[in-house]
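Those protein sequences? They're chains E and H, same order as listed.
Just remember that the numbering used here sits 3 ahead of the position in the first sequence, which is counted from 1.
Just remember that the numbering used here sits 3 ahead of the position in the second sequence, which is counted from 1.
Do not take every clue at face value.
Because identical chains cannot be distinguished in the list, a pair is counted as satisfied if it fits within a single copy or across any two copies.
Said to hold, decoys possible - Lysine-lysine pairs mimicking DSSO-like chemistry, simulated, CA-CA at most 30 Å apart:
#, residue 1, residue 2
1, K72, K34
2, K193, K161
3, K60, K121
4, K40, K193
5, K172, K366
6, K202, K460
7, K40, K298
8, K172, K365
9, K366, K34
10, K298, K60
Don't read these hints as lab results, they were simulated from the structure.
These figures come from a predicted structure and were not determined experimentally.
Chain residues, written in single-letter form:
2 protein chains.
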Amino acid sequence: MKNTDTTTFIGSRSELRELVRTQLQLLLEQKNYEGVKTLLVPVQPVDIAEAIEDLPKTLQVIAFRLLKKSEAIDVYEYLEPTVQQSLIEEFHDQEAIAIVNDMSPDDRARLFDELPPKLVRRLIAQIAPEEREVTSLLLGYQADTAGRLMTPEYIALKEHLTATQAQEKLRTLAYKSEVNYYIYVTDSTKHLIGILSLKDLIIAEPEQTLGEIMTQDVIYTDTNTDQEEVARLIQRYDLLALPIVDKDENLLGVITVDDVIDILQEEATEDIYKMGAVESQGDNYFQVGLFEVAKKRFPWLLLLLVTNSITVILLSQYEAVLDEVVALAFFTPLLIGAGGNVGAQSSTVVIRGISTEALRDKKPISIIIRELMSGGLLGMILGSLVIIGIFLFLGHQEVGLTVGMSLLAITMIAATTGATLPYVFNYFGLDPALMSAPFITTIVDILGIFIYLNLAKLFLGL
Amino acid sequence: MKNTDTTTFIGSRSELRELVRTQLQLLLEQKNYEGVKTLLVPVQPVDIAEAIEDLPKTLQVIAFRLLKKSEAIDVYEYLEPTVQQSLIEEFHDQEAIAIVNDMSPDDRARLFDELPPKLVRRLIAQIAPEEREVTSLLLGYQADTAGRLMTPEYIALKEHLTATQAQEKLRTLAYKSEVNYYIYVTDSTKHLIGILSLKDLIIAEPEQTLGEIMTQDVIYTDTNTDQEEVARLIQRYDLLALPIVDKDENLLGVITVDDVIDILQEEATEDIYKMGAVESQGDNYFQVGLFEVAKKRFPWLLLLLVTNSITVILLSQYEAVLDEVVALAFFTPLLIGAGGNVGAQSSTVVIRGISTEALRDKKPISIIIRELMSGGLLGMILGSLVIIGIFLFLGHQEVGLTVGMSLLAITMIAATTGATLPYVFNYFGLDPALMSAPFITTIVDILGIFIYLNLAKLFLGL
């Protein structure tokens with residue numbers, strides 16, 4: 004940074020990450036522990052955590068023990084839960100307690116969720132009493148709610164303090180607070196009554212009280228709010244932190260924007276996985292074993308296989324028709340494929356629209372009609388192309404007409420089903436991203452084949 | 004907020020949003036403008052913007068003119084680009100200039116991107132010279148780069164200032180800064196040499212200089228960095244803002260975390276759309292017209308139709324086989340469907356893994372082998388079920404064996420192709436989310452049908 008002759012920092016930072024990843028293991032294997040310490044000096048905690056994750060298990064503990072104590076906590080908080088767990092099980096009790104005691108309460112609660120209950124009981128019995136109390140409080144809330152995610156390490160001051168007094172107070176408080184840009188103002192019963200930023204404090208007149216400086220219109224929510232809703236509030240109102248209150252509106256904690264980014268990323272991954280028919284519980288897909296992976300995918304494949312079997316039964320009912328004009332069988336994959344694609348397009352935009360609330364103020368019926376119309380428009384163009392194509396290449400006029408008309412019917416059904424089902428599932432409290440694909444496929448396949456073979460009977464006079 | 008007998012604020016805030024949406028139009032139509040002003044007093048700018056977007060065009064201008072000047076800018080910045088554009092075209096020049104002049108430079112640059120060039124020239128000629136200069140600077144960078152996204156409204160101070168002097172300086176500067184939690188320290192040539200937070204400043208001793216308080220290890224990047232990389236840096240290092248420098252490492256602007264949340268959300272939507280075969284350019288799908296929608300979806304449908312036609316040709320090559328045992332035709336949709344599903348599962352996890360960098364330190368070959376093995380495992384289970392099912396329900400032993408073995412082969416091909424192609428596209432700089440689906444489908448369909456009908460010939464002795 005001081006030497007501006009080097010390449011830009013971003014380049015050198017990612018080079019540094021690469022260097023750490025390749026050199027750390029080598030130095031550890033050579034037992035060159037001074038070398039390790041030197042290597043890690045300019046490295047950010049998140050990058051150290053990543054390098055440690057890449058090491059063989061036996062070296063992970065050694066690497067971790069070489070960290071400075073102040074840095075060790077930060078690094079530990081960035082590690083994947085599985086690595087956190089295996090490390091804590093390797094540590095002596097005293098080491099483990101020292102780390103757990105200094106972790107921020109929200110990270111500690113998340114760790115305790117993952118550890119064996121026996122170990123948690125042993126650790127919790129030995130951490131400082133005030134930390135124990137805070138942890139029990141957080142663990143009392145359901146996973147994925149605001150209560151579980153919040154950190155109790157915020158700054159709250161009383162409204163009668165002057166700007167100068169508040170600054171003095173901050174000097175004694177701020178070092179142990181995680182949230183450093185907002186000051187929350189509470190009354191004597193811990194009711195949240197206002198908010199100000201550190202900037203507001205600095206630019207205020209020295210004798211102004213916090214009550215005069217603060218904004219009373221605070222955006223906050225309660226401990227039971229779902230994490231997705233928390234993320235949306237922070238995103239919508241461009242907040243850096245959201246205060247969390249109990250049912251009496253007493254301030255209990257805050258959730259910070261960096262946690263929210265991770266939540267949004269996780270939720271998007273979950274949605275994407277579900278739309279690809281892969282189960283997800285927020286854990287890292289690439290960290291779990293082969294059988295676990297197969298288990299996450301099997302239920303959906305089985306369901307889809309069963310629903311696909313309906314097409315087999317349906318087709319077998321038309322054995323006579325297919326026997327008569329075997330060319331009809333050539334087009335079932337094409338028709339089903341096109342229906343699946345149009346259905347996927349319509350459901351994708353509606354599912355994503357529901358999930359990001361982009362559709363909040365649109366009427367479902369108008370969206371469904373729009374999809375139906377665009378499905379019809381697309382079906383007419385594609386259907387015409389198919390009729391022309393079959394006539395030109397195969398010379399089958401009636402088969403062409405049958406396939407083309409079926410394609411139009413199928414795209415319209417697919418677009419309508421694709422737009423409707425996500426709303427239906429959402430209405431019944433089911434997850435649209437998870438439920439839509441198999442049901443849309445099934446409906447489109449069955450109706451599609453039914454229409455196709457009946458049109459065939461009609462046009463071909465079978 | 005002051006009356007704690009009401010329901011929790013989150014409830015009343017969304018009720019308030021609902022109330023505004025239903026009442027605003029009514030009051031405007033009754034020309035009850037005082038009522039409008041009263042209604043909007045407790046409402047956040049982002050919620051006012053949303054309510055205005057819902058109004059008929061003629062009322063949007065009226066509603067906007069009723070806002071207090073200070074609030075009008077905030078509301079305007081939250082409006083959808085299309086509404087921003089139609090409002091600015093409705094305004095008198097003086098009104099338009101007043102708004103454009105007071106917007107933050109990054110939002111102004113984004114607006115100018117959307118407006119007709121003629122109007123932009125007229126507006127830019129009339130805004131304050133320093134604003135014009137800043138805007139031209141931002142407009143000089145490519146869309147979706149750090150240079151275009153950054154705001155030049157940050158706080159930069161010199162290192163020799165003491166904490167007390169810095170606080171005095173802030174009182175005169177902070178009101179016009181968008182970034183209020185970090186102070187950047189620059190030398191006489193505007194080189195970025197350090198960073199401190201407002202908290203660091205408050206808890207410092209009054210006589211300490213910024214040079215002593217600051218951290219020299221600043222994470223920053225340059226103006227050409229892609230917005231996705233900016234988002235990743237902010238996410239990875241839990242930053243509230245990222246400083247942006249030119250090629251001489253002079254500080255030019257900062258990008259804030261709230262912009263990054265929107266970028267991540269947009270990128271996730273784009274990825275999801277692409278995987279659902281819908282084109283996306285970051286604009287709101289539900290705001291564009293029907294023909295525009297069809298246009299966004301047609302190219303992919305056409306491509307998929309053409310590739311699906313290959314299955315038609317392939318099947319027609321086996322007309323004799325199908326004619327002999329027409330029951331074989333019943334299973335093509337099932338086989339193709341299962342292959343498509345397994346391929347989608349594998350490609351989904353790999354595409355998302357590449358996009359979130361979760362796969363950065365994994366070797367592609369090990370991921371592909373893992374997918375191949377899990378595909379094989381799943382194929383064996385599903386294939387066995389199919390063999391048993393066909394034997395029990397249809398009594399066809401050879402057909403069952405043909406379908407079951409084909410299913411195993413197809414799931415293995417699908418899993419391998421699904422895992423491999425995203426890497427291949429990524430390697431060649433093509434977008435995996437966009438390219439994978441049609442190619443995987445095509446490969447799996449063609450190989451699948453080929454294997455299926457040849458196995459049929461073998462097992463059925465045709």
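These are the hints, each one checked on the structure:
Taking the shortest alpha-carbon separations for K72 and K34, only the intra-copy value of 20 Å comes in at or below 30 Å, while the best inter-copy value is 67 Å. For the homomeric pair K193 and K161, the shortest alpha-carbon distance inside one copy (9 Å) is at most 30 Å, but the shortest distance between copies (40 Å) is not. Taking CA atoms no more than 30 Å apart as the test, K60 paired with K121 passes inside one copy only; the shortest distance there is 22 Å, against 64 Å between copies. Taking identical chains as interchangeable, the C-alpha atoms of K40 and K193 are never at most 30 Å apart, the minima being 45 Å within one chain and 33 Å between chains.
In the homo-oligomer, the alpha carbons of K172 and K366 never lie at most 30 Å apart, since the shortest distance is 52 Å inside one protomer and 52 Å across protomers. Taking the closest pair of Cα atoms, K202 and K460 never come within 30 Å of each other, the shortest separation being 77 Å inside a single copy and 79 Å across copies. In this assembly of identical chains, K40 and K298 lie within 30 Å of each other by CA distance neither inside one copy nor across copies; the values are 42 Å within and 58 Å between. For the identical chains of this complex, K172 and K365 are neighbours neither inside a copy (49 Å) nor across copies (48 Å), given an alpha-carbon limit of 30 Å.
Taking the closest pair of Cα atoms, K366 and K34 come within 30 Å of each other only across two copies (27 Å); inside a single copy the shortest separation is 66 Å, beyond that limit. Proximity of K298 to K60 under the C-alpha cut-off of 30 Å is restricted to the intra-copy arrangement: shortest distance 26 Å within a copy versus 53 Å between copies.
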